[in-house]
Amino acid sequence: MVFLERNMKLMASAQPDIHRKFQLPEVKNQFPGMGIGFAQNEKGEIDNIAFHIDGNTFVDNKDAATEWVTDIDKDAHTIIILGFGMGYHVEKLIEMYPDKKIIVIEPDKRVLYHALHLRDLDNVLSGCTIWLDEDILTMKGKIYELVTHPLARGIQFKPYIVLYGKFANDLIMEMQKFLSDWAVMVNTKRCLVDKWYENRIVNAKKESVNAKSLIGKFMGIPALLVGAGPSLQSQLETIKSLQGKAVIIAASTAVEILLSHGITPTFMIAIDQDPVSSGGLHENLEADVPLVFDGQVAQNSLNYKGKKFQMQLNVNRYTGMLAPDLPVFESGPSVANVAMDFLYKLGCSPILMCGVDLSYTYGKLYCDGTQFQQDMSQIQSMKLINNKGEECMTEPSFLSMRNWFTEYINRVHPPVFNCTERGLIIDGVPNANLNDFKVEREHDLKAIIDSCYFKDGQPDYIDTTVINSVNNLLSLELDIMKSMVRANPTIGAQLQQYKAWTIVDEFTSSFIYLEEIKCEDKIKNGENMASAIKAFHDKRTEILLNAIDKIHEMLQR
Amino acid sequence: MDEEVKRITIFKVTLLDGSMVMTLREDNKIEVGIIPKGGKA
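Residue numbers (my numbering), protein chains in the order written: chain A, 1 to 557; chain B, 1 to 41.
In isolation and in its complexed conformation, chain A is listed as follows:
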């Protein structure tokens, strides 16, 4: 019991954040079912921690540490241990794998405090990183950084299930979500980035009003975020009765469904680059439904004759250079995700989600009333339980949308309820019945929108006169960058001084990421390192030059 002062001193230099936590009274994690105390050995000396759970007592076993570290994956660059105990297993791991990064999650501050009293922790405190007494959300954020870092290739997670079973399962679920979302994001970007930029550059020249005029103008007015999911069918009559009382926003295909059932939404929102599924919806639409869009939307979507409000997704690195005061909304895997951020920023409350099934309810993708149906043979389906406790079919892209909602809602705390009749449960969003919301008050929503759209009786269009000069400047920078890349295939940081680099970077990053992985794999499989790296640099140069040429051509069109 004489080690506390010495360990604390070492911790102040080796792990200052953890040391600081011991100076604060705040405790985030209490595990009320777990009692912790000192344990005595056979000689009556206090030398261990006793964990009391469900009537059982456990003590840390020094002898088990060697066996515990035998199944370490050689490819894991980081090992995350859940549960510090007395730190014997951590010490053994540091000793056997000095090159691996070792992170120890100890959710309960009391455990580490006991260990600090009981043994010399010199090697442990200086050889690992401890995450102490963090709430699950903070922990998830830290793990997300580890899992999705472009240079990360593998981690091993070793939890003490007996003590922290639920905590461990929560973290494993999160890791699975992170990987799925990462995969969806890279796949989408790889396939669509050139189309996004082509559309952004062409669409910037078209007439639209800055959506910043809408921000905060609907404070306290209820909103319906309407997706096109099959379960929307049963709610169409209720939604119809809420016209004029709530802001109704149609996410993509939902506009066609709502209009075909006699409902005119307040807004339609579109970010999809596809000229058929997106452009086909909007270009010949006769109804008066203001379109809110990001520049990446299909070019023929902007043939829509009605009001058009332009916003900017936070991943769009071009449009903001032309109109720096566009409101920025958070991009997500689906337009429904973006619609959530849009409604929150309008000031709407509460926000009620309908038709956001995120699953193939009744074996269909969409509610009746749309020309679009999906070829169900192409989907990668999986089974989950929906909000009615029934098995439902879903797929990775739906899970990615759901994960986005959960992360956004936990971070931003918008007043949201999920009124989708049948669909995936979205963690963090209470399920509710749409009919339980008494929405009686009428609002002149059209008058609010008109006041945002017109100035002196004319549409208050964004000034587009700067476009040519900005495009010319970017083109000039691209020419310089092209010469630099040709002269030095390994060039990196110097390119970042150019504004145009942000566009080239977004355009090329996922392709270069995949080439890095292929290069690593070649080296791992015995190919000569120098030649593998040279081949990577050649490929990177080719990708950069192709992208520069493409963007240049788009800007000068």
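If you're looking for bench data, these hints aren't it; they were derived computationally from the structure. The beta carbon of each residue, even a glycine, is placed where N, CA and C say it ideally should be.
Computed list of lysine-lysine pairs in DSSO-like fashion (alpha-carbon distance at most 27 Å, straight line):
1. A:524 to B:6
2. A:189 to B:6
3. B:29 to A:383
Cβ pair distances, simulated, as ranges:
4. A:287 to B:27: 36 to 42 Å
5. B:27 to A:274: 19 to 25 Å
6. A:520 to B:29: 15 to 21 Å
7. B:27 to A:220: 45 to 51 Å
8. A:324 to B:27: 35 to 41 Å
9. A:430 to B:27: 40 to 46 Å
Short derived list, chain B residues pointing at chain A, Cβ under 7 Å:
10. 8
11. 10
12. 11
13. 13
14. 14
15. 15
16. 20
17. 22
18. 24
19. 28
20. 29
21. 30
22. 32
We have chain A already, so just place chain B on it with the hints.
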């Protein structure tokens, strides 16, 4: 996962009873799968 398709492992999370793997296919598509302990990617 289709076992006939060649893959490169991009990221692996090793767990007590198996692993989660993110792989790159020859066609540049990224997939995520779960492999039980002793199973093949």
